[in-house]
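> Hey, can you work out the whole structure from these sequences and the hints?
Quick mapping for you: the protein sequence lines, in order, are chains U and E.
Under the numbering used here, the first sequence has 48 at position 48, and the numbering climbs by one with no breaks.
Under the numbering used here, the second sequence has 179 at position 179, and the numbering climbs by one with no breaks.
If you are wondering where the hints come from, they were derived from the structure by calculation, not from laboratory data.
Owing to the predicted nature of the structure, the values given are computational and were not obtained by experimental measurement.
Beta carbons: idealized from backbone N, C-alpha and C, even for Gly.
It is possible that part of the hints are untrue.
With beta-carbon atoms standing in for the labels, derived distance ranges [claimed, not checked]:
#, chain 1, residue 1, chain 2, residue 2, range
1, E, T182, U, G11, 44 to 52 angstroms
2, E, T4, U, A17, 53 to 61 angstroms
3, U, F38, E, D142, 23 to 31 angstroms
4, E, T4, U, L24, 49 to 57 angstroms
Where chain U lies over chain E, by a calculated footprint (3+ residues, C-beta under 8 angstroms) [said to hold, decoys possible]:
#, region
5, 85 to 96
6, 186 to 192
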Amino acid sequence: MNGAAHYFHWGFIQISAANLVVILLMILVFALAVLVPFPSSKRHDREGGE
Amino acid sequence: MSLTHALQQRLTENLSYEDLLPEEQPAYVHSYVYLFGAATIASFALLMVTGIILAAFGPQWWHFDNAGHFFNSLHFWAVQAFFFFMVLHLWTAFFQGAWRDGRGLTWVSGVMTFGASVLTAFTGYISQQNFDAQWIAIQGKDAMNAIGAGAFFNLLNFGQMYGYHIFLLPVLVSLLMGIHLTLVRFKGVVRPYEESTQAAPPTSAVTAREGAAV
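As C-alpha cells, then:
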C-alpha cells in the first residue's frame, strides 16, 4: 500500500488495478450467485418440494 | 387512545412474530443473491467488534503492536467486505425493482444507510493516524469547504472526525440498518417482475407466507 498504484488507461477512462480487480470480482460473484442453483433443504425435499 | 396503545395495535396488526422471524421464505427467495444483505450485516458485526477493540487500545497499539496490526487489518478488510456485499445487495435490489409494491421506504432507508456508511468509511480513513490520513484530510477539506460544510465538519480536526467515526456515524448506520431490516420484515421480499404483474397484493402477509419454500 505504500507504493504507487498501477493504473490502466483506455482513452478517457483511467482506473487503478486494485479497483478494477474489485469490480471484476463483484461482477463474477454476482453472476455466480445468479447462475448457481441454491440447494434445497432436506425438510422440503421430504415434503415433496412443497 | 394513547400513543403506546396505538403503536402496540399497529405492530400487532402489521408485524407479527412470523413476519419478524420467518421460518420460511417464498420459493423465489431460494437464490444466493439473497445472501448479500446477510453478508453485509455479518461484515458490519465484524467491523463493530474490531472497531471496539481498536478504540480500546488506541493508535499506538494498532500501529506498532503485532496484535494491533492484525486487528487493524481485520477492520480494514471487514470494510472492504462490507462495501463489496452492500453493493452486490444494491445490484440485486435494483434489478429486482425492490422498491415496488409499497416498498419505497425500504429502498430509501437502504440508500440512506449506504450514504451514512460512505461517510463512516471516509472518517475512518481520516482517523488512521498516519500520513495517508493527513493527505486525505488535507485534500478533502477543500471539497467540504466548497459545499459549505467545512465550518461544521472540519476534516483537519482529528477529535471531531474520530468522534464521528467511532460513535455518531456507527450509531446512525446501526439505526438506519435497523429501520431497513424492520421494513424488509414488515413488507416481505418483493415478488419477481413476472409474478408482480399478475396483480398480486403487496402486503407482507402474502410475500412472507404464501409462497412455500422449494
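> State the violated hints by number, sorted upward, taking the hints as numbered earlier in the document.
The structure breaks hints 3 and 6; every other hint is satisfied.
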